[in-house]
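Going line by line, the protein sequences match chains A and B.
Numbering-wise, this note's numbering puts 65 at position 65 of the first sequence, and it's gapless, one number per residue.
Numbering-wise, this note's numbering puts 67 at position 67 of the second sequence, and it's gapless, one number per residue.
Hints were generated in silico from the structure; no laboratory data involved.
Possibly wrong hints are sitting among the right ones.
Said to hold, decoys possible - Coverage of chain B stretches by chain A, computed from C-beta distances (three or more under 8 angstroms per stretch; other residues unrestricted):
#	region
1	175–185
2	206–220
3	246–258
4	287–295
All C-beta atoms in this analysis are idealised placements derived from N, C-alpha and C, irrespective of residue type, glycine included.
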Amino acid sequence: MSRPWRLTTAIGLFLLAVVGIVFVVIALVSEPETVDYTTNHQPGQAVNVTLQTVGSFGSGDHPTWVSYLVENPGGGWVHTTLFTVPANTRVNMTILNYDSGSPLRNQQLGQVTGTYGRLALLNGHPFRVIDSNNPNGNGVAHTFSIPTLGISVPLYGNNGNANLCSAAPCTLSSPHKIIRFSFTSPSTAGSYPWQCFVPCGLGFLYGNGGPMQTLGYMDGFMKVAST
Amino acid sequence: MSTDAGTAAAGGEPAPDAPGSAGTPGTPPDDRTHHWWRLITIWVVLSVILDLLYYFLVGPHVPPGTMTSTAGGAQFDFNVLLVIALPVLLGVWIYMLYAIIVWRASRGGSDPVGGEKARGNLAIQTGWIITTTVIVLFLAGFGTYELVQPEGAGSGQGPIPIWTPTSHTVLPIQVIGQQWKFTYRYPTFGGFETNQLVVPDHTTIAFHVTSLDVVHSFWAYQLGVKADANPALDNVAFTTPQQTGTFIVRCAELCGIWHGAMYNSGQVVPPGQFVVWAHVTERLLRRNTALLPPFAWTYVPDANGADGGYYPDNVDPYSKVQTYGAPGSGTPTGSPTSSSKLGTSR
Chain A
1 MSRPWRLTTA IGLFLLAVVG IVFVVIALVS EPETVDYTTN HQPGQAVNVT
51 LQTVGSFGSG DHPTWVSYLV ENPGGGWVHT TLFTVPANTR VNMTILNYDS
101 GSPLRNQQLG QVTGTYGRLA LLNGHPFRVI DSNNPNGNGV AHTFSIPTLG
151 ISVPLYGNNG NANLCSAAPC TLSSPHKIIR FSFTSPSTAG SYPWQCFVPC
201 GLGFLYGNGG PMQTLGYMDG FMKVAST
Chain B
1 MSTDAGTAAA GGEPAPDAPG SAGTPGTPPD DRTHHWWRLI TIWVVLSVIL
51 DLLYYFLVGP HVPPGTMTST AGGAQFDFNV LLVIALPVLL GVWIYMLYAI
101 IVWRASRGGS DPVGGEKARG NLAIQTGWII TTTVIVLFLA GFGTYELVQP
151 EGAGSGQGPI PIWTPTSHTV LPIQVIGQQW KFTYRYPTFG GFETNQLVVP
201 DHTTIAFHVT SLDVVHSFWA YQLGVKADAN PALDNVAFTT PQQTGTFIVR
251 CAELCGIWHG AMYNSGQVVP PGQFVVWAHV TERLLRRNTA LLPPFAWTYV
301 PDANGADGGY YPDNVDPYSK VQTYGAPGSG TPTGSPTSSS KLGTSR
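Start from the sequences and build out the full structure, keeping to the hints where you can.
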């Protein structure tokens, strides 16, 4: 091989390595989009946050993974688990659950904690505990939990035999459960990790891999912005 | 050490003021003794001063503090190690500084090279070997003893602890790790499970640490307790709080995406306040406690549960073991009775 060719090959491989490294770095530091609920927020006003859960996202890199989605203030669904709320503000959460349920690995997570009145509403009916082992029930599909704030709400599952939505974003025409609850966001600005406590990573050991370990699926941040 | 001590002038002739040159022609016989006595005096005086300053000024503030017997034990161990290490450190530094200042080559003089004594000094070598051997053997024995006393050093001793309490008022608390939080179950108060860790002062606590999924590590920093949380294993650690206050619990085993957020705080409260808290919490959580599986020392993750099956659905890899979340699995062997509110742990 002539010298110019060797030089060209070396430079080409070097550039390829640089591109590869840049790509990996970008992939590692990038995160899903953040839905901002602080725009146009007036002090003293509550913030309404809406999420949905779907048993399989249906498209993208991981179409079979279970996932959360966040509704932006404009009404569109965003495949993310990152949202921003103002500090020290009442947050009214609405979660549309389109997934089926199962017994909890730890029934301790069948309780509602950290919300106003330690209550949540399931299709408009207040509840404090879901018996996930009830043979006549649908079990718990997921939880919405912010452990550092002591907030945890179990999401009652849909009947697994129903014709469940399998591609996000799901619409209200599919079988679903509506879970509502409220809490006050912390007065300290920062990023508060939230997660699902049901090991719902289908196909992973004990259900704890895949979407359970990935931002944008079953883990996210509630970012609290100073008011 | 003997190399520097035997520094000699070029040509193999000992330097006039070099230690180790005693007995050689032209050198006073007590020159080496003079240097060594000076070095030893400096070293002993500074070591005593530094050790006393450290032990009495810094020692009481060394982590993890003295909130519990085991934390106090850990602090004592750290202090003993430092009191031994400081003179060793000082010995090296003092000798180095002394050599640089006293035995430095003079400007324009001949370069110092190793003389006869640089090839070995039996007395120094023997002394060095004996001293370091004594220190290492002492630390091995001391460390082994301190792993057992007090109360197993607050470490996880497995399901059959080497150190067991003689007290009849041991409070068992089960620590359950799961991705990504710890929960605490109080078997002698109806088996309720809560996110809060509250312990009574001046009471021996038996932490029974286990996990529902991967390996975590229960690290109650100020309590001086650290025990791995393994699925299907009851890892027991003991401690006795000696003062009230707040402590931090962290997971000390990399366990997934929110490992860094797997922490919470706990409280040591007076025994009376603890009993009130336990009864109130027991009542508050009674509805969910009734839905919990019977208390067991270990829970095996249901490999088929929560849609997360790794094993085929028709295979139960843990058929002989209690499965957390499995209804009607019966009361496991070893469940503590609820008759004693502060009963023995096992």
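Verification of the supplied hints:
Here the region 175–185 of chain B counts 6 residues with a CB under 8 angstroms from a CB of chain A, which clears the bar of 3, and the coverage holds. A count of 3 residues in the region 206–220 of chain B with a Cβ less than 8 angstroms from any Cβ of chain A is obtained; the coverage claim is therefore met, three being the minimum. Under a criterion of three residues with beta carbons nearer than 8 angstroms to beta carbons of chain A, the stated coverage of the region 246–258 of chain B is upheld, 3 such residues being counted. Taking a C-beta to C-beta cut-off of 8 angstroms, the region 287–295 of chain B contributes 5 residues in contact with chain A, enough for the three needed, and the coverage statement holds.
Against the hints set out earlier in the document, no violation occurs for any number.
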